[in-house]
Amino acid sequence: MSKRKKILSLFLAFLKIGAFTFGGGYAMIALLEAEFVTKRGWLDKDEFLNIVAIAESTPGPIAINAATYIGYKNAGVLGSVAATVGVVLPSFVIIYVISLFFDAFLSLAYVAYAFRGIQVCVVWLILSAGLKMLKGLEKTPLNVCVLALSVLFMLITSLFAVRFSTVLFILFCGCIGLAVYLLGLLRGGKGAGK
Amino acid sequence: MILLELFFTFLKIGALSFGGGMGMISLIREEVLGHGWMTEADLLNMIAVAESTPGPIAVNIATFIGADEGGIAGAALATLGVVLPSFVIILVIAALVKNLLKYEGVKAFLGGVRPCVIGLILAVAATLGLGTLLGIGKIGDALTVDWRGIAIFAAVAVSAAVLKKIRKKPVSPIVMILISAVLGMILYPIGV
Numbered sequence: 001m002s003k004r005k006k007i008l009s010l011f012l013a014f015l016k017i018g019a020f021t022f023g024g025g026y027a028m029i030a031l032l033e034a035e036f037v038t039k040r041g042w043l044d045k046d047e048f049l050n051i052v053a054i055a056e057s058t059p060g061p062i063a064i065n066a067a068t069y070i071g072y073k074n075a076g077v078l079g080s081v082a083a084t085v086g087v088v089l090p091s092f093v094i095i096y097v098i099s100l101f102f103d104a105f106l107s108l109a110y111v112a113y114a115f116r117g118i119q120v121c122v123v124w125l126i127l128s129a130g131l132k133m134l135k136g137l138e139k140t141p142l143n144v145c146v147l148a149l150s151v152l153f154m155l156i157t158s159l160f161a162v163r164f165s166t167v168l169f170i171l172f173c174g175c176i177g178l179a180v181y182l183l184g185l186l187r188g189g190k191g192a193g194k
Numbered sequence: 001m002i003l004l005e006l007f008f009t010f011l012k013i014g015a016l017s018f019g020g021g022m023g024m025i026s027l028i029r030e031e032v033l034g035h036g037w038m039t040e041a042d043l044l045n046m047i048a049v050a051e052s053t054p055g056p057i058a059v060n061i062a063t064f065i066g067a068d069e070g071g072i073a074g075a076a077l078a079t080l081g082v083v084l085p086s087f088v089i090i091l092v093i094a095a096l097v098k099n100l101l102k103y104e105g106v107k108a109f110l111g112g113v114r115p116c117v118i119g120l121i122l123a124v125a126a127t128l129g130l131g132t133l134l135g136i137g138k139i140g141d142a143l144t145v146d147w148r149g150i151a152i153f154a155a156v157a158v159s160a161a162v163l164k165k166i167r168k169k170p171v172s173p174i175v176m177i178l179i180s181a182v183l184g185m186i187l188y189p190i191g192v
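Protein chains in written order, with the working numbering: chain A, 1 to 194; chain B, 1 to 192.
Here chain B stands alone, though its shape is the one from the complex (with noise of 0.2 angstroms):
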């Protein structure tokens, strides 16, 4: 039943989502992706919105989803899954436990978390950028170079650079998706 495998599968992510926000990307892509609940695209779209409204990114994609999949009730299981987990473990620190980190072995579970995390951002980028930039979903794919997606990449990523250096903080990924939104408006219905 759609409701629960929606309450289920935010759980699980909710449960390993380590790193923040773009830490459950990997996580998120592996389960809309099998359950076919959405296309790479789509995927993009709804991280996109996430970004640009406000509140924890886990919980606005969590939200999408359970609508998209399974209306209002859909929504709340699906939010109600990513949250709990979370909401479990803080609970039973700040009542129990309230060093867990001073314990060695945490730290060194954590230790090993961190950089698979960091590991998994960086392969799912690059695994977005083929299929994106370059039309490779897997091995076999044929290449079909959208040049006008490259143009865009490499525009955002100066003008993040370059703003960067002007207002000395990092810009706010609203505004890249601004740039990158005009850019696209401009550059995709010119005919090829």
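Chain A extracted, bound-state conformation (with noise of 0.2 angstroms):
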């Protein structure tokens, strides 16, 4: 395949995902395997695997971090440019048109009794991603305290009107977990850092 056709095919590909997968996240891994692994061959499961892993440590949406590495792989940076714009556009699309008429919408009396309903049922969304994540975390000393302070720190912050950056605080939570891990090497001694 010359390059252009590759790097308009990634384009279509990611589209593709971009406009039909809903919900994002991990509703996405299994589109995603199907589609370069499965059915076209751009990529084997251990590297699919690894992007996975790598989306998962890194900041940011894991399609737009697929899309970013499979392009990359396939097509150089171009490539990595077509993908992750296919990926964002279907998206962008959408959303701005609904933009455009979700007030005059919210004004119908109906519209606004149903998203007062749709509202709580958000929070019950938000709950049981973060539950369904601590369900998946281990209970080690330091992943309870980490947790236990973040919980605190919200909580305060937001009932107390304080302002306190929240992107710091997740730097801070980060420096805990690595300078336990040097406190860990230091007291171990060489090698022993486990």
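There could be a bad hint or two in this list.
[Claimed, not checked] No farther apart than 20 angstroms at their CA atoms in a straight line, the calculated lysine to aspartate or glutamate pairs in the DMTMM-like style are these:
| id | chain 1 | residue 1 | chain 2 | residue 2 |
| --- | --- | --- | --- | --- |
| 1 | B | Lys-102 | A | Glu-47 |
| 2 | B | Lys-12 | A | Glu-35 |
| 3 | B | Lys-102 | A | Asp-46 |
| 4 | B | Lys-107 | A | Glu-56 |
| 5 | B | Lys-107 | A | Glu-35 |
[As the list claims (entries may be wrong)] Calculated Cβ distances over 12 angstroms to all of chain A for the following chain B residues:
| id | residue |
| --- | --- |
| 6 | Met-24 |
| 7 | Ile-121 |
| 8 | Val-162 |
| 9 | Lys-165 |
Hints are computed from structural coordinates only; laboratory data are not their basis. All C-beta atoms in this analysis are idealised placements derived from N, C-alpha and C, irrespective of residue type, glycine included.
Grab the two chains, each in its own frame, and use the hints to assemble them into the complex.
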């Protein structure tokens, strides 16, 4: 396949992924695997698992991470741009159009009632996403302490309307993880830092 | 200037949204409430729209807020901002440091970030729940219980559990959103 054609097919493949995956995140992993490992053979299974691991530990939506990586592997920087633009474009167009009509839509009485119900549902969705992640978390002393600290931080800053940057707090927790690891290294001496 | 503000706000959110879609809710909430771009109810509506349309939630939310605050240019810049950090980080990993995750230091840092993000999500859910169902936005607010909201919350939680049992797989958020919309239309018009 010529490079130009490859870039175009990357763009179209990710356009399809962007247009048809609802819910994002993990629903997307299965779809990506079917499309790029099984159907197109652009990646082998190990490489795919590697991407998932990278996507999970780097910031940003997994769809974007996967698009950038697969695009780069198959057609260089241009390929990664084409794939990333492809995966973002459907969302962008759909949401932009919705945003134009949303306020007018919400001013209908029954739509407003429906959305009061939906707001409650979103609280539940966020809660259940958090609980699901909590279930997958190893309950080590470090994890439990950081978790408790984060819950307290967030509740106190919002309930007492204190302003403190969440961004700094996330970085601070990363540094706690790093510090605990380094302390373990120091205490355990060379090679014992498990 | 609003366009630059949108771009840099979402750049920051994109750079630190570990843990997928919901992982960024705490950051987004802080930014949109802090800038006065939205109320908490608007935020919940927007998350519902983002969940029921295709594509990554982060992108949907960025586009929506961008469009609301700065029209099409705002939407484009906010979306670019939220995507750019992922794009650059992955490109660097793909091109240069293939085994970034093998470095113990990186793992240790992420090991601290992961429980933090989970804690933030749970606390945001609690805060939003207090605000939506009990009318408590901050300490000192009077308690105004939304019984219909509490009934909808219970109904959603129960039907999600039941549907999951029957279908043996997690229920799509869209189904839950539709159920709650119907319940809202039935319960809220009833005068109390």
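Exercise. For Val-162/B, is the shortest beta carbon distance to chain A beyond 12 angstroms?
Worked result: holds, 14 angstroms
Exercise. Under the criterion that the straight-line Cα-Cα distance not exceed 20 angstroms, is the pair Lys-12/B, Glu-35/A satisfied?
Worked result: Given that 20 angstroms is the threshold and the Cα spacing comes to 31 angstroms, the pair is violated.
Problem set entry | Straight-line alpha-carbon gap Lys-102/B to Asp-46/A, limit 20 angstroms | Satisfied, since the Cα-Cα distance of roughly 15 angstroms is no more than 20 angstroms.
For this session: Take the C-alpha atoms of Lys-107/B and Glu-56/A, compute the straight-line distance between them, and say whether it is at most 20 angstroms.
Result: holds, 12 angstroms
Problem set entry | Status of Met-24/B, Cβ more than 12 angstroms from any chain A Cβ | The assertion about Met-24/B is violated, with a minimum of 8 angstroms to chain A.
For this session: Take a quick look at whether Lys-102/B and Glu-47/A sit within 20 angstroms of each other, Cα to Cα.
Result: Holds, at roughly 15 angstroms.
Exercise. Holds or violated: are the alpha carbons of Lys-107/B and Glu-35/A at most 20 angstroms from each other?
Worked result: Judged against 20 angstroms, a Cα distance of about 30 angstroms means the pair is violated.
Problem set entry | Lys-165/B remote from chain A - nearest C-beta pair above 12 angstroms | holds, 15 angstroms
Problem set entry | Whether Ile-121/B stays farther than 12 angstroms from all C-beta atoms of chain A, as the label says | Given a closest Cβ separation of 4 angstroms, the condition is violated.
When each numbered hint is compared with the structure, violations occur for hints 2, 5, 6 and 7.
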